[in-house]
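Number of protein chains: 2
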Amino acid sequence: MRNFTFSNTTKIIFGKGAEEKVGREAAQYGRKVLLHYGGGHIVRSGLKERVEKYLKDAGLEIVELGGVQPNPRLSLVREGIELARREKVDLILAVGGGSVIDSAKAIGIGVPCQGDVWDFFMGKAEAQETLPVGVVLTIPAAGSESSTGSVITNEDGWLKRPYGSVIMRPKFALLNPELTYSLPPYQTACGVADMMAHIMERYFTNEPEVGFSDHLCEAALRSIIQEAPRAIAEPENYGARANLMWASTIAHNGLLGMGREEDWASHNIEHELSGIYDIAHGAGLAIVFPAWMKYVYKHNPSRFVQFAVRVFQVEQDFCNPERTILEGIRRLEEFFRSIGLPVRLKEAGIPADRFEEMAEKATADGPQGSLVPLYKGDVLAIYELCNS
Amino acid sequence: MRNFTFSNTTKIIFGKGAEEKVGREAAQYGRKVLLHYGGGHIVRSGLKERVEKYLKDAGLEIVELGGVQPNPRLSLVREGIELARREKVDLILAVGGGSVIDSAKAIGIGVPCQGDVWDFFMGKAEAQETLPVGVVLTIPAAGSESSTGSVITNEDGWLKRPYGSVIMRPKFALLNPELTYSLPPYQTACGVADMMAHIMERYFTNEPEVGFSDHLCEAALRSIIQEAPRAIAEPENYGARANLMWASTIAHNGLLGMGREEDWASHNIEHELSGIYDIAHGAGLAIVFPAWMKYVYKHNPSRFVQFAVRVFQVEQDFCNPERTILEGIRRLEEFFRSIGLPVRLKEAGIPADRFEEMAEKATADGPQGSLVPLYKGDVLAIYELCNS
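So the sequences go chain by chain: A and B. Going letter by letter, the first sequence gives residues 22 to 409 in the numbering used here. Going letter by letter, the second sequence gives residues 22 to 409 in the numbering used here.
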């Protein structure tokens, strides 16, 4: 187990009516709030109006910026930075899912920064301070509500890049599972793949002696696999929605990766897909992750046997580890299919004609991943496996 | 799943050499440190001298108060409060295990309080502020290094009482598994029982729809059961020590209980034992917890079947849940015995002649537990089961 530092300072308020506490929480950070959100759903559902009321009841002034798209765009982040500076806002409140939160975090570190916010994402600068960010979560998936990271897409070249810092953890996050009742099955499933991928990026490691967090990762995966079909079959099942929502937060608040070397190749390989094709990140991960597993398992077979046996209860073939491993991957794909996700590019309508370009971009800053460092040729081979 | 609020603000610095960072961390809270510790072990091992050096190197002034005993005493807490006030200390640094940390926390809330610190533990007052507390952990067991609670024994009547508040979480905790190499097998085993009990107090609940944290609790228990014999057989096995140390923190930082109704009857029933007989808390729990399980399982059989099957891999007897349950309890006792713990009072040299008095004291403030509220007669029956 590696040395680590862990501190998760985000205050999670979870349960029915959680969003009603937004005024009290937000008021601790100042007088003026930038209300940041995506499309029309939170308007149509009445959530936006309710949140505005809670904020006003707490004596807060509101500036708003909607229009965040999935795979949130740098141009809107820049617009938000300008707006927040001009209006001198004290807090950015993200009402939505991971894209809205990521956009809010990028605005947060952009406002006090002298240079270009994109420099953080290009690895050219480190964020030193941020405006505080609060969250009313509507989509359990990205875990951004208490994570350190943000992923932004620069439309100039469609570069999708992550950046993270401990200062970027939201100050508070209000999680009401009832707000997720209206998520359609496909979007629910995409969230499930995203949270599972967050766990698996941490799980597949060469680091020895991480038995405790292995067990926690496996437990979280099994629970998500158990709850997801329930949430999809019964969208208003509070228990299923609540367990998924809490799982999505824990999957990505850092806890499950402590002491481990994490991988993240699949995420970065997927980012090229959703950067270009605007496929939902979770759907892209359901395609890329099994392909990555098929490509890398030979480098650490015992870990993939453990995954198959402990997560998917594959009856272990002790004489033939490979059979066990491949059955584990098959069951992962079968699970993704069963909740309506694509597991091949063609099932998502993505053609095979830009693999070369994507592999080039994915490895432009060096090899991806740590279980096995993957160079351009490796990433190309994984895109091919996504298609086979 | 119940509504909840979760925020764990303790900064955990984990790994080899973690204690070397104590100067940097402590210096963030002021200039004068109350160094609080127990007996001679940290002196003999040279840890105290090293910690003093790190503090002085960071420009800090040290006041010291040693002598914390297992089941930490109110009299020493009062002495610490006087000392901290007189010396105007800025931070209390606990170097030791749960008893030292609990004592430090009690001093912390006592210093700024106008009234009597014991009033907090008797439920007569709520702590509003505290001196900051930091930790260098030497015994993985109590989880007090990032928990909200403290348990103090008042020698006047040997009352052992818990108190907790979110303000009591330590500001930082430095966890170096190497510092636990010197823990003798029995003390290691007592720590194991303590951390398992912290999980089981949260696990045995009537709250429905807590599948995600069920899985996490079961995973944590399985991992502890796997690591404990290794740490006992090979005291300098870093991996085993590291996994146990991290498990003990997570077992009691609050996470595993979120959304659940927790029980805590076994802890309170045990407190009477260790309050009177000064038996190690973990050893007392190894006796009380299985007895409690035998007494209450009929009220929620499916939960005890789940425990047996998922934690101890009991082959389920679908026609006879009771057989499965009792086999689970038997395996828990067998596990405790295998690591050298007593599972009956007589094995710990505790006589049967004060059950009435202990049952009376345990229920003086009302019934104990929430899975089943236990009145005096119930607690008496559980003490009898501890003896049978």
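Just so you know, these hints were derived from the structure itself, not from any lab. Some hints here could point you the wrong way.
Within a straight-line C-alpha distance of at most 25 angstroms, the following computed DMTMM-like cross-link-like pairs (lysine to aspartate or glutamate) qualify [claimed, not checked]: (1) Lys37/A / Glu283/B; (2) Lys32/A / Glu70/A; (3) Lys32/B / Glu70/A; (4) Lys42/B / Glu150/A.
Here is what the structure says about each hint:
Restraint check for lysine 37/A and glutamate 283/B: the C-alpha separation of about 20 angstroms stays at or below 25 angstroms, so the hint holds. Between lysine 32/A and glutamate 70/A, the direct Cα distance comes to roughly 24 angstroms. Compliance with the 25 angstroms bound is thereby established for this hinted pair. A C-alpha spacing of about 37 angstroms is found between lysine 32/B and glutamate 70/A, which places the hinted pair above 25 angstroms, so the restraint is violated. The straight-line distance between the Cα atoms of lysine 42/B and glutamate 150/A is roughly 24 angstroms, inside the 25 angstroms bound, and the hint therefore holds.
Of the numbered hints listed earlier, the single one contradicted by the structure is hint 3.
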